[in-house]
Amino acid sequence: MDVFLQGFSQIANVSTIIWMAIGSVVGIILGALPGLSATMGIALMMPISFQLPTATGIGLLLAVYCGAVSGASIPAILLGIPGNPNAIATVEDGLLMTQKGKAGSALGGAVVASFIGGIGSLLALVLFSPLIARLTLAFGPAEKTTLALVGLVIIASVSGNNIWKGLLMGAFGMALAFLGTDPFSNQLRIPFSKFLATTPLSKGLDLTSTLIGLFGISQVFFELRKPLLVGQHIEPVKIENIFPPLRKILSMWKIILSSLGIGTVVGAIPGTGASIAVFMAHNSAKNITMNSKGKLDQVGSGSLEGVFAPEVANNAVTGGALIPALALGIPGDAATAVLIGALMIKGVTPGFHLFATNMSLVYAIFITMLLANIFMASFQLFGVRLYPKILSVPQQILLPLILILSFIGAYAIAGQATAVGIYNLGIALVMGMIGYFLKRDGYPIAPIVLGLILGGMFEENFRRAVKLAGGDYLTFFTKPICLLFMALSILSIVLPIIAKKRGKR
Amino acid sequence: MTLFRTRKPMPFVFMMVSLLYFIYVISLGSSTMIGDEIGGDPGGRLLPLALSIFMFIASTVLFLTDRKGEAAKDERLGSSERRLFLLTVIVAILYVVAMRPVGFLLTTATLVFTLTFYYLQGNVERKSLKPWVVGILATLAFLVALYSIGRTITRFLLLNARQGRIPQWLGTTGFVVGIVLVVVLAIYLIVLKLTRARFHAEQVSPAIRNAFDACMLSVVTTELIYLVFRQMFLVELVRGLITW
Amino acid sequence: MKRNRIIISMLVVLLAAGMLFAGGAAESVYPDPEKNITIVVPHAAGGSTDLIFRTLAEEMKKVSGVNFLVTNITGAGSATGTNEVINSPADGYMFLGAGTHTTAATMQGLTNGYKELDYIAALNWDPFIIAVRNDKPWKTLEDLVNDAKSRPGKITLGNAGMGGATGVASVGLNLAMNKAFNVTPFNGGADLIASVLGGHCDVGIFSQSEVVANSASFRPLAILTEGHSSLPSLASVPNLAEAGYPTITVPGGSFRSIMVKKGTPETAKKWLADTAEKAFNSASFQKFMKDNGLIPVFSKLDAFAEYDKGIIADYEVILKEANLYKMTN
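For the protein sequence lines, the chains are A, B and C, in the order given.
Position one of the first sequence corresponds to residue 15 (the numbering used here), numbered consecutively onward.
Position one of the second sequence corresponds to residue 1045 (the numbering used here), numbered consecutively onward.
Position one of the third sequence corresponds to residue 6 (the numbering used here), numbered consecutively onward.
Any given hint could turn out to be false.
Unchecked claim - A short, non-exhaustive set of chain C residues, derived as facing chain A with CB atoms under 8 Å:
#1 G158
#2 T189
#3 P190
#4 I198
#5 S200
#6 G203
#7 C206
#8 T230
#9 H233
What the hints assert, rightly or not - Beyond 12 Å from chain B on every Cβ pair, some chain A residues (computed):
#10 K114
#11 L149
#12 I302
#13 N438
#14 G465
Claimed, not checked - Below, computed lysine-lysine pairings styled on DSS-like, alpha-carbon distance capped at 25 Å:
#15 K1237/B <-> K240/A
#16 K266/C <-> K217/A
#17 K159/C <-> K493/A
#18 K1237/B <-> K403/A
#19 K514/A <-> K1052/B
Derived by calculation from the structure, the hints in this document are not laboratory data.
Ideal Cβ positions, reconstructed from N, Cα and C, are used throughout, including at glycine.
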């Protein structure tokens, strides 16, 4: 209880509340704007969180995260364009509801669903992450090596349409992570080391700048490929009956529970993410409504059920993805990967040690997650008539703003060191260009991020494990946990290929 | 380049990248842990080598299997999109290069103004050069004026609070940022109100209206970023030409 | 067109007024209230070095009102973080969480280290303790060493990073024991603790405060200092001589101090040293040191430089003996 109060006191101040409220609104707006993802929102806010106390900064990022996931439903319902991949499965029923004149209850229902998903998965996070953190004592260097491998392989196999592309991107991210100095010998591992030894590049690529480049700047270039949108003209739709009747919500308990479970579990599997969870939840809800003997409206017919299922699931992913992130330091999806980066910048290394020695911070993170959900729900409900107006901000104004915010974010992370800041600008720009060309040719970006974040961890633990075993590489095959993880990695490569072959027949 | 008629260039790029990476790692030489008398450290070269080989295999597979589909043919950009894209790339590069000598304020305002202006125009054409020049001058003048006023207030409060002529709390970061924000925004809004109707009148040409909108947007964006990052979070933004 | 002119002249007046106001002479006082002061901790977050400097930074912030930021820059023992400070401007806005790890890294030729740093303040010593998980079979250091000698290279001895002081201590010990152990570096104290607790590494060299924090699951075998621990719970832990190894000399603990880049203005150095002294003497920092068994040895500026000469002399002997001395002048 004492520790809990300590955690509470870390965030019981006005500045935390204000920053989280700002984060929530920014998140919802970013989520609602097509093309701007939750990951990008977190990357853009990272430099600000860096300047705040740890708990407040993390609270800000969580608020952005929850807001962006939930805000994506707004354009999905009103225009049939998902704000980001989290709302892909919401489009079908959401748009139909708008066309039937029930936009209000679709938007309101989406908020309620998001809130249920967020809170439900938070419970799972609170219950399971300390347990998993205990288990991680069994994770030595060898186990950590294979765990990092699993995360990389899974994300490589699920993102994008071609597994080779995913694997190539994961390897590319790892290669980028190896730039800089060898962690064990201090040897420089950068090309042209004669010239670069005295520059900030000798420490390797700055993580924040790289992320901002890959997610923020590349998106600006990408949007320029199409004629710029002059703001969406939304037919003035009636927005009424926002709050769905309680009885209706209760009648959907099966859908809510299944979506909650799917979202949390899929979120907690390293490397996967919301875009898989929402489709699974949508399918499962379809089965439930079909077997409901007419008590529930059919999913796919413009029903509240069809909005609820994916919206519960995508916010359930937020809590689920935090479980491995906090307990193991392995991100559940690209957005939590960025979040781990932010934690590490603040001097907090996720894993057993965090739970053993800094439980008050863990509690503070749990409470901010609760607050983030409350803010997300209340701001989105109160502003339900306002947010559609966001969609009328023309891209001509939006894109320069995103570009400059990306630049300033990369620069500001250097703090007082202007020389480092300028290098960061360069890194962000180059990564933005690389990210643009990769996106254009259909290469997934998420594996690069995981490669970047897990690459260092992978190498260090790999070398440590081999060294502990006295140079014996077979050590990875003598430990049951390692064998399990390696089997998982192989399965996650093989299964999609088999599924694809079957699909072709 | 007949090779690329049916194949995509990206896998080929990665084949080259992994090949260069391989050569580089080989030339690097291996280094082992400090104090590794007993042995057993695989060394710093093993994983990069394995990675480069894996990347080469993966990109070769992609090169052989991932051919251009039918849909890829209409991927060429329209001429105005291509120009805007090139403009953005060039302006962004110039921004990074010019930041240090010119300073944060001037480069940022120029970047935001230029991009907003040409995006609103929808194309990069020679005839819009004149409104661009006039607009950029107005933007920079207005911004420097706002900045100077904010700077004066900040310096006055900080110096006097430290020397004890006014109460200490008047010199705290939060208070100073608040006051500067209120004053600067008030001036900005007054100027906006006085001028907006004039530039949004019917007879004004679209280019001039766009220049006005871009000017107002870039001034307020730059000043707000400055206030948040420099004044509130004490990030050292390059001063460059504006030395006060 | 009349309104056009009015608007332009209005802007001109604004601009002129602004420049006039701002033209006054800039006053340069250290520390500039518009700047943060960054503390570079060259070890991972969560370890004992990190904790000490974070606590100190909090106190320095309280006594001075200036914003102190801690950043962890890890790698190559402590060399990467040290190089960061050396490569930054000597303006007093960045200082290094220095100590014996800096001495060790410099002598191993990983960084120019203390040769390019100036002395601000010496803080405290944290004694080293050799410990194993309490369900392991070794009851004394002698048990452990005999077992290790009977099967060389099979028992792993972990340290918190090879460049740092625990790294030197572990290599020194191992040489004295005829290389019976497999010495492996971990990524900071936190990582080492988890690995020893999890049974992935058999023996560890810890800072005393790290043993205290995990006293329920660790069995301390020996303290590396000459005397005994000042903490009641660890006072009975034998030192190396009592454990049967009177001839071994290894670094007995880690020393923490504050250093800045050479060439930093005297006023800045003095301000930093005075602020550190106030923070050091604050009630909460004193309590923190007492709770963690840290031995206070405060001195500042020239007095500290004199003090460090002794440490450097001791280390030179130890590192040369351990064949780690690679410094080129």
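Going through the hints against the structure:
1. Restraint check, G158/C versus chain A: the minimum CB separation of about 5 Å is within 8 Å; hint holds.
2. The interface hint given for T189/C is met, as the beta carbon of that residue sits about 5 Å from the closest beta carbon of chain A, less than 8 Å.
3. Interface hint status for P190/C: upheld, as the beta-carbon distance to the closest one in chain A is roughly 7 Å, under 8 Å.
4. Hint on I198/C holds. Least Cβ distance to chain A is approximately 7 Å, under the 8 Å limit.
5. The interface hint given for S200/C is met, as the beta carbon of that residue sits about 6 Å from the closest beta carbon of chain A, less than 8 Å.
6. Taking 8 Å as the C-beta contact cut-off toward chain A, the hint placing G203/C at the interface holds, the least distance being around 4 Å.
7. At its closest, the beta carbon of C206/C sits 6 Å from a beta carbon of chain A; the interface hint therefore holds under the 8 Å criterion.
8. Annotation: interface hint on T230/C violated; nearest CB of chain A at approximately 24 Å, more than 8 Å.
9. The criterion of a C-beta within 8 Å of any C-beta in chain A is not met by H233/C, whose closest approach is roughly 26 Å, and the hint is violated.
10. The beta carbon of K114/A is kept farther than 12 Å from every beta carbon of chain B, the shortest such distance being approximately 34 Å.
11. Listed as outside the interface, L149/A is consistent with that label: its C-beta sits roughly 27 Å from the nearest C-beta of chain B, beyond the 12 Å cut-off.
12. Separation of I302/A from chain B is adequate, the least Cβ-Cβ distance of about 37 Å exceeding the 12 Å criterion.
13. Look at N438/A: its CB is around 10 Å from the nearest CB on chain B, not clear of 12 Å, so calling it non-interface is violated.
14. The beta carbon of G465/A sits about 9 Å from the closest Cβ of chain B, which is not more than 12 Å, so the claim that it is off the interface is violated.
15. As the CA atoms of K1237/B and K240/A are separated by approximately 34 Å, the hinted pair breaks the 25 Å bound.
16. Of the pairs offered as hints, the one joining K266/C and K217/A holds, with about 19 Å between alpha carbons and a cut-off of 25 Å not exceeded.
17. As the CA atoms of K159/C and K493/A are separated by approximately 17 Å, the hinted pair is consistent with the 25 Å bound.
18. Under the criterion of a C-alpha separation no larger than 25 Å, the hint pairing K1237/B with K403/A is consistent with the structure, at around 23 Å.
19. Our distance criterion of 25 Å between C-alpha atoms is met by K514/A and K1052/B, whose separation comes to about 23 Å.
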